[in-house]
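Protein chains: 4
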Amino acid sequence: MKNTFGNSILVTLFGESHGDAIGAVVDGLAPGLDIDMEFINHQLSLRKPKGKIGTKRHEEDNIKIISGVFNGKTTGTPLSIIIQNNDTKSDNYDNLKELARPGHADYTGDIKYHGFQDYRGGGHFSGRLTAPLVAVGAILILALQKKGIKIGTHIKRCGGLSDRNFINYENDINLLNNLDFAVLDDEKSKQMTEKIEETAKDGDSIGGILETAIIGIPGGLGEPWFDSFESLLSHGIFSIPAVKGIWFGDSLDLIDSYGSEFNDSFQIENGNVITKTNHNGGINGGITNGMPVVFHTLIKPTPSIYKMQDTINFKNFENCKLQIEGRHDPAIIHRARVVVDSIASMVVADLLAERFGTDFLSSK
Amino acid sequence: MKNTFGNSILVTLFGESHGDAIGAVVDGLAPGLDIDMEFINHQLSLRKPKGKIGTKRHEEDNIKIISGVFNGKTTGTPLSIIIQNNDTKSDNYDNLKELARPGHADYTGDIKYHGFQDYRGGGHFSGRLTAPLVAVGAILILALQKKGIKIGTHIKRCGGLSDRNFINYENDINLLNNLDFAVLDDEKSKQMTEKIEETAKDGDSIGGILETAIIGIPGGLGEPWFDSFESLLSHGIFSIPAVKGIWFGDSLDLIDSYGSEFNDSFQIENGNVITKTNHNGGINGGITNGMPVVFHTLIKPTPSIYKMQDTINFKNFENCKLQIEGRHDPAIIHRARVVVDSIASMVVADLLAERFGTDFLSSK
Amino acid sequence: MKNTFGNSILVTLFGESHGDAIGAVVDGLAPGLDIDMEFINHQLSLRKPKGKIGTKRHEEDNIKIISGVFNGKTTGTPLSIIIQNNDTKSDNYDNLKELARPGHADYTGDIKYHGFQDYRGGGHFSGRLTAPLVAVGAILILALQKKGIKIGTHIKRCGGLSDRNFINYENDINLLNNLDFAVLDDEKSKQMTEKIEETAKDGDSIGGILETAIIGIPGGLGEPWFDSFESLLSHGIFSIPAVKGIWFGDSLDLIDSYGSEFNDSFQIENGNVITKTNHNGGINGGITNGMPVVFHTLIKPTPSIYKMQDTINFKNFENCKLQIEGRHDPAIIHRARVVVDSIASMVVADLLAERFGTDFLSSK
Amino acid sequence: MKNTFGNSILVTLFGESHGDAIGAVVDGLAPGLDIDMEFINHQLSLRKPKGKIGTKRHEEDNIKIISGVFNGKTTGTPLSIIIQNNDTKSDNYDNLKELARPGHADYTGDIKYHGFQDYRGGGHFSGRLTAPLVAVGAILILALQKKGIKIGTHIKRCGGLSDRNFINYENDINLLNNLDFAVLDDEKSKQMTEKIEETAKDGDSIGGILETAIIGIPGGLGEPWFDSFESLLSHGIFSIPAVKGIWFGDSLDLIDSYGSEFNDSFQIENGNVITKTNHNGGINGGITNGMPVVFHTLIKPTPSIYKMQDTINFKNFENCKLQIEGRHDPAIIHRARVVVDSIASMVVADLLAERFGTDFLSSK
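Chains as they are written, first to last, in the working numbering: chain Y, 895 to 1258; chain W, 895 to 1258; chain E, 895 to 1258; chain G, 895 to 1258.
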């Protein structure tokens, strides 16, 4: 399937960082979904670099939907999104074209594409391609909200600092989705921002852990083998640049626990099935159980740093030194969270469409 | 795709724990691959419960290949594996059929399948279905070995105890693949076994962390978006029952590190490209870089415990108590490791077939 | 996807003519569908060779469902069907193993599988693999009937003789589905049978044209591009051995007509949308319009004939003569029709499941 | 898969006739393929309406490749093609938006998309979407030519007139690919053109039969079941608007023949395997045998005619009359042939990439 994701709702991503444009095609959307450009732009703004903690490349992200929408609603045919590339300074990359930036895909891209890849700004590997993903996610997130499903992510850990846990999922999600820097505890938010700023000053970078909750999701989504909910979600999440890990519920915190501690007891509460705890993160046997789906995404430190690094020239196979210039992020974790939400919306919408039919999301 | 995995080499899994038989179909295998029944049985033996640390259900796992093999070699047509179910004691499950065992898929299966599922022994969700997966993996692992690619997994952590790290990948992998209990440090192996035995005596269960290395894997495998190596591997790994997390390289240990620490410097060594460190676990930008692929799999405590638990009857929607009987594992981490190796072999073989053609694995 | 077909309901076929067994796995079936072994066997009987007009290989086709069924209903998990091979006379094929039977896949199989294929009785290419397809079809046909959708096929042309056209679709379909030799006109049926018998006596073979109607099918199934109803159906139909063509509605008869003749006028009749004519065979723009879907399948003469033929030995690359022995069909068109119905049921059920959700077929 | 086609090389089509733009994304192309804009435009010119026998809508088809190409070669990442829509006269369609043009997808589109579809000019169903397909095909056709594989199509029959058969495939293909009106016999070409002009004058339309040959194609492509070469090709071909049938080789002409006549005898000629005849159209058992692949495509009369027709208003469910205005083709068979070639190139390139690896097409 390569650069396409999904079964009932398929998302195809294309473009290079310094090419004409980047974009996405979404196929399988129910006809009649609302296209709310304001909300799409709001979601894109959450992804944008800001202040001292972001790259100085400022793209307008003027998205244009060139197909699949008519009179403000999806038509049900493939919806295509295009974002022109404007603020490209390709000169910064000319001297890099044969050097493998450590932690980046320059070398692996060269092996895979035999030197034909567009090396400028990371080319097709660029984090910039998450912009159309966020636009697609915005359409789905809005549609899911109308079905009572909400998604939110906070920075659980960054630079050795930890945010508080979710207390009330719905309130916290509403809060997060209007924060530029998605940390629930104000004090910790300030400290993490300062930590990123300090790291930036030092020409270095940091990563961290995101925690995401999906509430209102019905039970019964996912398959026993291969297409478990965890399988599909992790498949999508690992597409996001800099993601190196994912785990569900409290599984990592309880790594040394006993089954008697880890098992989530079922209970009838007000006629509904719940679990008393949610260590399994809302999933049993690969299938959602109706509790909030909770997962953690591990983000490595951004590989672009301004310090001198050892590396190779992969054309002449010589060792060399490299100091990256250009405009880069000292951390991308605060920008990545809306991408995580978007991927999560794709997985949930896809499974709903498969289980309840292609028109489900626009049904009353 | 549901219960099918892969793009060029497709594996479909079927069967229920207490049905007639379980099995798998593999399509897309190169013609001419060796079928070594001794090796397949060796791999299956690594999955078998043993001594006090395993369930007392003893299945012979007499596998039968009923298609796709002729004169001891693969034909290139779909290869089907059947394992009869013999030692089934379904009576143990009759009293459970309306009760949701905590941590199990009884309730989620009931939502998904509306009560039509075969509830006996976990039905299609049973860990027993990993037996045909291991048989499929054995065929692929042998074929990969002939291409210089080796896979090995050890129990990195279990019951609060940690194994030593990999020192020499090749030696350690060879050692592990002949150990019933895959721990590199003998003393730690003994302690972990004792810990599992104690836990069993207490009617409880534990989990842990597996660490897997794939060596000899060529660079250039994986896609920038959606089908990154991490995406495909995690997709497969999360199919294994009780897996709740995966992370690559040292990313979790270095969660608070700086980019200048986490980046793996490239270096030319004896004419080959290597990285000085391998914190990224052999993958940059979703694509293998030729270094060992290293990843960790988080296994939750086995949900089957003998202690009294709170739960619900999902037919009459009443709260109730449950004490599981039958034959269960106090830990499955030592049995899961060969399943992890098998899934890893499926992902690697699939990507090799896609990149180098369907006949690659049997080519000279 | 190779030997797998479908999107929401996936069918995987495996086995070789003279191997241990042949079979199929169906994934994505709604839970709760009835398994009526009597009806499955009835459908299989329509595929069986009979009297002078069939091969003398008599397989019992004792099908065994080894997974995915519990208490007489589908569970929703992969359903596997196994048919043991018993009446195999492999000796007949030993002298053929290096000779390319004209019109058969011996030579193309050898190129594709590099000599590792099971050459006995056509191996994986054998028409015998249509038996599990028919069993799968039987399950779906029954489920579709409960939704008011019926499928029937007659031999439109064979040996220069033509059957009458469909008059009343429902009556004719009911009639056909209980006929061993699916011809609507009794006199023509007798003549065609005699023609096949004569051909058999002469050691030769014939083909013909099947016409299939699907009634009760809702409008709106299929996609504008690539997954048009015609695309999906033809994809499946061309899997059937000896099929060399397919066309929809009256398109071939009206090949020289004008648009003003070919266009089917829409009309409101009793509050329903119908078309006055149905030259387009129930499909406009790749999507069903609610009228009967009608298509024709072209079956070439069975390639197995008893006459001396020129051919090659594909091992030593020499020209040679070949006279086929063994047990073969002078025509397979009368056996193929139930296979066509089965493939049609797979396409319709798949599209319904995709559009209306995975549980649609078992919904009230 | 919906509006996506292929396994190793995936083509996704998007856009509406009167929307901003139409386009395609191609994923899985080998890196390093030449992008020859002149050849792409040549192929597009073969699709353009011309003179009295084409619609008066004149689109410039200014294609723009916005990703996946760098320095004149494919990069190996998704290649996106955009064609702006300029010469749109949507007013012509406003009065049609609730009327079902007979033979068109207006009504079926309305059922499928519940009234949200873009009805202008056929929307997503428009034949205009074949322009990006032809552009994609041009890239592949050029790459295949470098591997010695050529594709050509002529109008075998149109308006009751028949072209001569292929005599020398290579010469004839070369000739056809430079003809605006692809008929081998000059006299017949003139007569067919006149026939179309007459039909146009009468406000009516005609269809016909295309015959396509693919030469230089290696043996061994295709699968025994479901993904036979015929299955994949027909799947693609039936995406083309107005296609209602396909058959391979001489199968239709020889519908009443015997096996002894239809079987193609194998023969060694100059060390190569050939068949003396090619009634099977180069395919045995679903797999190419190295002979030219020959198939016929049935094109129905263009449904847009200027005559008064009976139809319905599908909003208020009333019978009504309809006289189509606007700019339409009296025949599209001469424009469709390059689309058929393009689809054929997609199928062949896809199977080559699957069998020989993703880089095969750009390998030396």
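In short, the hints are calculated from the structure, not lab data.
It is possible that some hints are incorrect.
[What the hints assert, rightly or not] Capping the alpha-carbon separation at 30 angstroms, the derived lysine-lysine pairs in DSSO-like fashion look like this:
| no. | chain 1 | residue 1 | chain 2 | residue 2 |
| --- | --- | --- | --- | --- |
| 1 | W | K1084 | Y | K991 |
| 2 | G | K942 | Y | K1041 |
| 3 | G | K967 | G | K1044 |
| 4 | G | K1082 | Y | K1258 |
| 5 | W | K1170 | Y | K1209 |
| 6 | W | K1170 | W | K942 |
| 7 | Y | K944 | Y | K958 |
| 8 | G | K1258 | E | K1209 |
| 9 | W | K1201 | W | K1041 |
| 10 | G | K1258 | W | K1258 |
| 11 | W | K1201 | Y | K1209 |
| 12 | W | K1084 | Y | K1209 |
| 13 | W | K1201 | W | K1089 |
| 14 | W | K967 | E | K1201 |
| 15 | G | K991 | Y | K958 |
| 16 | G | K1044 | Y | K1258 |
| 17 | G | K1170 | G | K942 |
| 18 | E | K1258 | W | K1040 |
| 19 | Y | K1258 | E | K1170 |
| 20 | G | K1258 | E | K1170 |
| 21 | E | K1209 | Y | K1258 |
| 22 | E | K1082 | E | K958 |
| 23 | E | K1170 | E | K946 |
| 24 | W | K1041 | W | K967 |
[Unchecked claim] FRET-style restraints, in silico, Cβ to Cβ:
| no. | chain 1 | residue 1 | chain 2 | residue 2 | range |
| --- | --- | --- | --- | --- | --- |
| 25 | G | R1058 | E | Q1217 | 22 to 30 angstroms |
| 26 | E | N1062 | Y | M931 | 48 to 56 angstroms |
| 27 | G | G1165 | E | G1009 | 12 to 20 angstroms |
| 28 | Y | F933 | G | F933 | 42 to 50 angstroms |
| 29 | G | E1088 | Y | F933 | 24 to 32 angstroms |
Note that the structure is a prediction, hence the values are computed from the model and not measured.
Ideal Cβ placement from N, Cα and C applies to all residues, glycine included.
For each hint, the structure was consulted:
1. W:K1084 to Y:K991: 52 angstroms, violated
2. G:K942 to Y:K1041: 46 angstroms, violated
3. G:K967 to G:K1044: Cα-Cα ~21 angstroms, so holds.
4. G:K1082 to Y:K1258: Roughly 58 angstroms separates the two Cα atoms, so the pair is violated.
5. W:K1170 to Y:K1209: With a Cα-Cα distance of about 19 angstroms, the restraint between W:K1170 and Y:K1209 holds, given a limit of 30 angstroms.
6. W:K1170 to W:K942: Violated. W:K1170 to W:K942 sits at ~38 angstroms, over the 30 angstroms cutoff.
7. Y:K944 to Y:K958: Cα-Cα ~23 angstroms, so holds.
8. G:K1258 to E:K1209: Holds - the C-alpha atoms of E:K1209 and G:K1258 are around 29 angstroms apart, at most 30 angstroms.
9. W:K1201 to W:K1041: Not satisfied, since the Cα-Cα distance of roughly 48 angstroms exceeds 30 angstroms.
10. G:K1258 to W:K1258: It holds: about 20 angstroms lies between the C-alpha atoms, which stays within 30 angstroms.
11. W:K1201 to Y:K1209: 63 angstroms, violated
12. W:K1084 to Y:K1209: Since the Cα atoms of W:K1084 and Y:K1209 sit roughly 50 angstroms apart, the hinted pair is violated (cutoff 30 angstroms).
13. W:K1201 to W:K1089: 18 angstroms, holds
14. W:K967 to E:K1201: The given pair, whose Cα atoms are some 34 angstroms apart, is violated under the 30 angstroms limit.
15. G:K991 to Y:K958: Roughly 26 angstroms between the alpha carbons, so the hint for G:K991 and Y:K958 holds.
16. G:K1044 to Y:K1258: Violated, because 52 angstroms separates the two Cα atoms, which is more than 30 angstroms.
17. G:K1170 to G:K942: Given pair G:K1170, G:K942 is violated - Cα atoms ~38 angstroms apart, limit 30 angstroms.
18. E:K1258 to W:K1040: 55 angstroms, violated
19. Y:K1258 to E:K1170: 35 angstroms, violated
20. G:K1258 to E:K1170: 57 angstroms, violated
21. E:K1209 to Y:K1258: Violated, at about 65 angstroms.
22. E:K1082 to E:K958: It is violated: about 37 angstroms lies between the C-alpha atoms, which goes past 30 angstroms.
23. E:K1170 to E:K946: 43 angstroms, violated
24. W:K1041 to W:K967: 17 angstroms, holds
25. G:R1058 to E:Q1217: 22 to 30 angstroms: 37 angstroms, violated
26. E:N1062 to Y:M931: 48 to 56 angstroms: Because 54 angstroms falls inside the window, the suggested range holds.
27. G:G1165 to E:G1009: 12 to 20 angstroms: Holds, at about 18 angstroms.
28. Y:F933 to G:F933: 42 to 50 angstroms: At 43 angstroms between Cβs, range holds.
29. G:E1088 to Y:F933: 24 to 32 angstroms: Violated: the Cβ-Cβ distance is about 58 angstroms, outside 24 to 32 angstroms.
Consistency with the previously given hints fails for numbers 1, 2, 4, 6, 9, 11, 12, 14, 16, 17, 18, 19, 20, 21, 22, 23, 25 and 29, ordered from lowest to highest.
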